[in-house]
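Please build the complex by placing chain U on the supplied structure of chain W, with the hints as guidance.
From first to last, the protein sequence lines are chains W and U.
In terms of the working numbering, the first sequence opens at residue 1 and continues consecutively.
In terms of the working numbering, the second sequence opens at residue 1 and continues consecutively.
The set of hints was computed from the structure by calculation and includes no laboratory data.
A hint or two may mislead.
If you want the footprint, here are the derived chain W segments under chain U, 3+ residues with CB under 8 Å [unchecked claim]:
#, segment
1, 6-17
2, 42-53
3, 74-87
4, 117-128
5, 163-174
If we take Cβ atoms under 7 Å as the criterion, some of the chain W residues that face chain U in the derived model are [unchecked claim]:
#, residue
6, N105
7, G177
8, Y181
From the three backbone atoms N, C-alpha and C, an ideal C-beta is built for every residue, glycine too.
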Amino acid sequence: MAEIRLQTPLSDESIEKLHIGDKVLLSGVIYTARDAAHKRLVELIKDNKPLPIDIKGQVIYYVGPAPAKPGYAIGPAGPTTSYRMDPYATILHEHGLKASIGKGNRGPEVIEALKKYKGVYLAATGGVAALIAKTIKKAEIVAYEDLGAEAIRRLEVSDFPCIVANDCYGGDLFQEGVKKYRID
Amino acid sequence: MREVSAKKIEEAVREMCMDANYNLGEDVVECIKKAKDREDSPTGKAILEDILKNIEIGKNEKLAICQDTGFSVYFVELGEEVKIVDGHYMDAFTEGTRRGYKDGYLRKSIVDDPVISRINTKDNTPPIVYTDIVPGDKIKITMAPKGGGAENMSEVRMLTAAHGIEGVKKFVIERVEKSGGNPCPPVVVGVGIGGTFEKCAMLAKRALFRYPIGSHHPDKKFAEVEEELLEKVNNLGIGPMGLGGRTTALAVHIETFPCHIATMPAAVNINCHAARHKTRVI
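The shape of chain W in the complex, shown without the other chains:
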């Protein structure tokens, strides 16, 4: 299992180097968005209006963090389930998004979009929110403050741990992994 250090923003070349099962340590700026923020972002795109963040080359982390205790950059912040964002993923990749981070598998339309627009889906471990929060050095709300935990945050991360679950070649670690350990 290769371990790859990645710096955001991501280029097509850096995406091409990633294969399912690779362990990635991500550093740089990433953005948070989950259900409600995705709904708003995609409505803006459909209305030809500018987005509150530039998503070209960027990474979206599906997370709604808990509030930060004093002295902490952010509260516990593990991934939420990704399939709920499937209906929004294709259009965001079409507009330049390079990667998303979440938990659970993606639908066929997202796997297609990753091939077509050169992107990856990174799986983070759900329920290890306090551990993941330690890799987030800075967090600020940049849009939709009214959504509370669901607001869009700009995060600065250092060695954020994740695994390539879907690459730009159509690979799916969920299918491959389960096949390997299934006993019929």
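Leaving out everything else, chain U in the frame of chain W:
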């Protein structure tokens, strides 16, 4: 009658919200440790190691182990000789939840109406409180923060007697298989069989909070089904976080209740590996 102050209940509820979210039960921790030792998949093992590290951080730094600090669900056994004074019973749960989630830096995950406006209530209220009146003068409260991801993978099915126990097994395995990595495996599978439509869902929910985890239904027939289902579910290969491995579930708990001659409802309620719940007696 024994008088119990609503303020006392409120304070207990406040503390339990934090305790449940910071400190995973020792029985669950031990169960995850054993699963880690057994796990063949290197990725699966690494995930289980991270889960254990995270549990330590939560305990040591008083942090929520998962950002999804859930819907606050309470199961209460209220002694019939208890008289609540200095306030109202339900207000104690609402206020205790509000204060616990605020003071504990826990996420507020509840929206007001479920479909049209979906505006966050910003204090994680209202809580869900199920009360059984029992003999005695004590109040036994179990608090469980129930995460949304695993709840979404749950289902009630109106089976009939013709489906038999094989039909129930098929339903449970199918439900876990379809859930894949979504509910944060290794999961706890709560199964309710019997009762009415809503009663069997309640049985499945209660099954999740059986203590200690992995203990069995008192009837040997169902205890054997629990064992068999755990093995079959783990043979699915879903593994930790759905990335493949031997540990898909930590336990399968079945709760049963008599049912109508025409029916055989079954329910599957799934809990993530952060199987959080705390109990206190006042």
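Which numbered hints fail: 1, 2
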